[in-house]
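Participant: This is what each chain is made of:
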Amino acid sequence: MSLPGRGLPVLLAAVVVLALLALPRLTADRRILTWALLILLYAALAQSWNLLSGFGGQVNLGHAAFFGLGAVITRSLWLSGTSLGVAIPAAVGAAAVAGLIVGAPTLRLYGPYFAIGTLAVAEILRITTGNFFPEVSTLPAPMLASYALAPRYYLALGVAALTMLVAWSLTRSRFGYGLAAVREDETVAEASGVRTFPHKLAAFVLSGALAGATGAVFGFYHVSFYPQFAFSPLWTFDALLITFLGGVGTLWGPVLGALVFLPLREILALQPQLIEVHPLIFGIVFILIVVALPGGFVEAWRALTADRRRQREGHPA
Amino acid sequence: MQNGVFGLLIGGLYGLGAVGLSLVFGVLTMLNVAHGELIMLGGYISVWLFVLWGVDPFVSALLAGPLLFLVGAALFQTLFRRLIAFREETKIKNSILIGFGLALVLQTLAIAAWEADERAVTPAYAGEVLRLGSVVVPFSRLAALLLAFLVLGGLHLFLTRTRLGTAIRATAEDEHGAALAGIPIGTTFLTAFALGSALAGVAGVLVSVSDAISPAIGLHWTLKALIVIVLGGMGNIFGTFVGGLFLGVTESMSGFLLGNAYREVVGLAMFLLVLSFRPQGLFTR
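Line order of the protein sequences matches chains A and B.
Per the working numbering, the first sequence runs over residues 1 to 317.
Per the working numbering, the second sequence runs over residues 1 to 285.
For reference, chain B alone in the conformation it holds in the complex (with noise of 0.2 Å):
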């Protein structure tokens, strides 16, 4: 029981660190292999925030979220912008190649600026905790769970309620059939991919909270980002989030039973076999 609600308290930040992934990839079909080094990005605003000023890091995350958006939308119109006219296949393959290069970037970047040390942020309120019968809950972890819901439903009405949301959907749908209806997709490819980054930078604050804080963690969660939208099925925002409670809660089970040294490798063994046998994903209709 202990071990489920770890598992879905952790679940909740996998989501949301796929979220964006999976929006960038369903909208630009481009893959952001990078996408787990801006987390880290976002992961690294916190801690600075926290130590320097003492900032709390759920203030952080107003901060980290609008940071990354100028982050991402300075690589999409540097690096992404010119995979747009190529061939679905190609675009693919390049933006990932491209994503390859950017996180050797970034980590040796981050290594060069803050050292390759593990940080954490650790508020005055990090060992309180919440009694449910023989069920302990963490009040820092509820609390990220509940932002991470707060942002998939902000970015739900964003994506159903507004103009541009809107844009974005018709955009991911067929593209050339949301240009020709003028809208102007150059902005709405802006917008989703810079969207992306600004989630990573809200999850990276998150797992600043619950989770250690280094250069090399960059690879480990793009991975948990891609297992969980394999298994929510790509494109497909809720079914991610919904993939990303259900990695949390195999992983803390199978670390209960297998130990703790193999939790990421079910993980991993999960994946593969989904991609062999259900590759629309679990979560898909």
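Only chain A is shown next, with the shape it has when bound in the complex (with noise of 0.2 Å):
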């Protein structure tokens, strides 16, 4: 009887995967491959904040300064003759290393320390940047020629993958276990022989590793940007937007928050009236999620979905 039940998200699953790896194929439609790269990118920045913020409890405020490092990083190295082969991986890792710096002080501090020292250090860098950079990053004459949308598909494809890969693994894993427990009490955790410390710079390292990563995608795939733009606050609050959106602590919340977000955001976007307060309006949908529901749409499914299944089973709600 079980087979009916797995065997079909897991079919379902395979035909979305091999969807999308066949969409450069099946349409040349700009829109249409635009569209879902900015989806799988913004689906890969939520659940790599989603890994260390929503498995693991600790509210993480400067997640822009990961995904900075890893787009200027990237574009910088890339544009001075650096093959991509290379400068993507030297920037995944200067973001690791990033978050090894700033996690090691402030995660063994209790209270907010954490949050607002992440704050503090995504201020330092999109300062430092702009000083550093104050001129747009505009791809060369050249290169603009050959650009061409599927392997920056492909690469952000990759990436989301990666990041869905591993935040599947926390749900099942020794170590993602340990991070549910510290995100639930630290206390209790480390009083049960969990080392909450190395758990979470471990999450940490890996959040800001994944975050490198998109960073690195939008690097290689916007025309044209001021390096500033790239630690903008907004690269935080749209990946806990979106996250909270789909659902924090969960595997699905952060794709359904991204599938929810990005068509969202154009349509107002559209709206020549709506164009200058569409942020209010994100503004005011996260706060109301934070206050009334902290489940987001995984959470409100899963209710509806269990509410169901008592009534079938003739049990009162």
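Fair warning: there could be bad hints in the mix.
[Stated by the list, open to error] Derived contacts from chain B toward chain A, CB cut-off under 10 Å, selection only:
id, residue
1, V33
2, L83
3, I84
4, F100
5, L106
6, T122
Calculated from the structure, these hints are not laboratory results.
A virtual CB, placed ideally from N, CA and C, is assigned to each residue, including glycine.
Dock chain to chain to rebuild the complex, using the hints, since each chain is given by itself in its own frame.
Facilitator: Below, the structure written as structure tokens:
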């Protein structure tokens, strides 16, 4: 009896993965490919935040720092002639090291210190980057002439898949359970033998490195941007909003969140009278979710299906 | 020397900007990261009163305080009140998240209402200075520092000499104990939060005298306030003020030595160092 129950999601997942792999061959429409790329990019960014902050419960308000490091390092190495095969790992490595440097002191502390420490780091990097690279970074003409969307898309797909894989492994590994214990109650986790600090630090480095990889995709994909923009607190906010929309600390939350967030943002951006206030709407939505529905879509869906199941089996809700 | 004086003048402002946040954290264990946006609102009150009716900013401070008190009370009732029942850790975390969203909302509202330009208040006496030997002290900034001192003195008297102030301190000490002793802790929480916002409002008015006001300054001032609080020790009001002066002087000295582009970075780096080696703050015993 369990086969149809389990077989269907696996089949569905296989179809989705194949479709994603074949997408550039199925369509030549740049708009569709760009949409898919952006959804993958935002889902990966949100999932990388979710790894530490959702699964591990440590609120990181400086996630943009890692995204920005990945973007700017990849971009400058690549434009100065380094191959992407070197530039991207270098950027990811730098983001991981940054996670180690920031996490080692602040994750030992109790209370809000970690959150405000990360906020400060992102701001330091944003200002310093603005000082170092005040000019807008635009791809030179020969690179623009040979610009192809498909390799960028596959890179985004790869990073998103890797991030999902890491998140999936957190839901069923010893390390993931340890992290969940840290989130629920640090003192109890420590008392029952979970070494909380190494768990938090490892999750932070992993989260930072994957955010760096997402930033690397952005640095490779985007034709023209101010380097400082990659460190904007807006990246952190988008990652938070997407994760909270979908469901914090859940495997599918960031994906669902990205699938809702990007079309919604596009619709709002197309209304000329709303163009200035659309961050306002997202801000309010975010606050409402934190206050009223801390579980996001995934939680709401679970509650709904649990209700149905109870009704079907004749138990009172 | 001149740099040191300017540092002290701006540092007083940092202190005042941080005291409200420190009070809220000390009493409610909530960290409102939209505090800088409340400072921004205070700044705009001063800007508009000056532009529309030529109201002196030091008079506006008397108005901005009560107005932001009401804003704070409203924010507490609608958003932060429901966090009180949570465990301490959840309370801090959720208040940070709500504040993060609130910061975005207030900033966008300010852009929609008043455009993204920078504005400043320049009363007739803005250029006048006090000369002490080779050192120049602008009057308006000196007055701002004095007002900051007065407000802090008033806050100290309120917290130590009045019934409500004592109740707030008792609640900060132990909320369950305070509740058992018959203190209406709901009211003290509300008062402390609104008072913290009012302090942000007054700080914002003083910012408008010496600095530019724009919708985007919120994060800047929140970070300053957080740095100052960490330097001075969380929830310690006088430590916070000394922390502000210290940050002001350090920044202006490093701006002088390393160039203005990095003065912000020095403050933030110092903040991380203190977090790593002396998280209880520099000025606590």
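Participant: Once the shortest beta carbon distance from V33 (chain B) to chain A is found, is it less than 10 Å?
Facilitator: Holds. Min distance 7 Å.
Participant: Under 10 Å, Cβ to Cβ, is where L83 (chain B) needs to be relative to chain A, so tell me if that hint holds or is violated.
Facilitator: 9 Å, holds
Participant: Mind checking the CB of L106 (chain B) against every CB in chain A and telling me if the closest is under 10 Å?
Facilitator: OK, holds: L106 (chain B) within 10 Å of chain A, min 8 Å.
Participant: Quick one, is the T122 (chain B) hint okay against chain A at 10 Å, beta carbons?
Facilitator: Interface hint status for T122 (chain B): violated (27 Å vs cutoff 10 Å).
Participant: A closest beta-carbon separation below 10 Å is what the hint needs, so does I84 (chain B) meet it against chain A?
Facilitator: 13 Å, violated
Participant: Let me know if the C-beta of F100 (chain B) comes in closer than 10 Å to any C-beta of chain A, holds or violated.
Facilitator: 7 Å, holds
The structure does not agree with the numbered hints 3, 6 stated previously, though it agrees with the rest.
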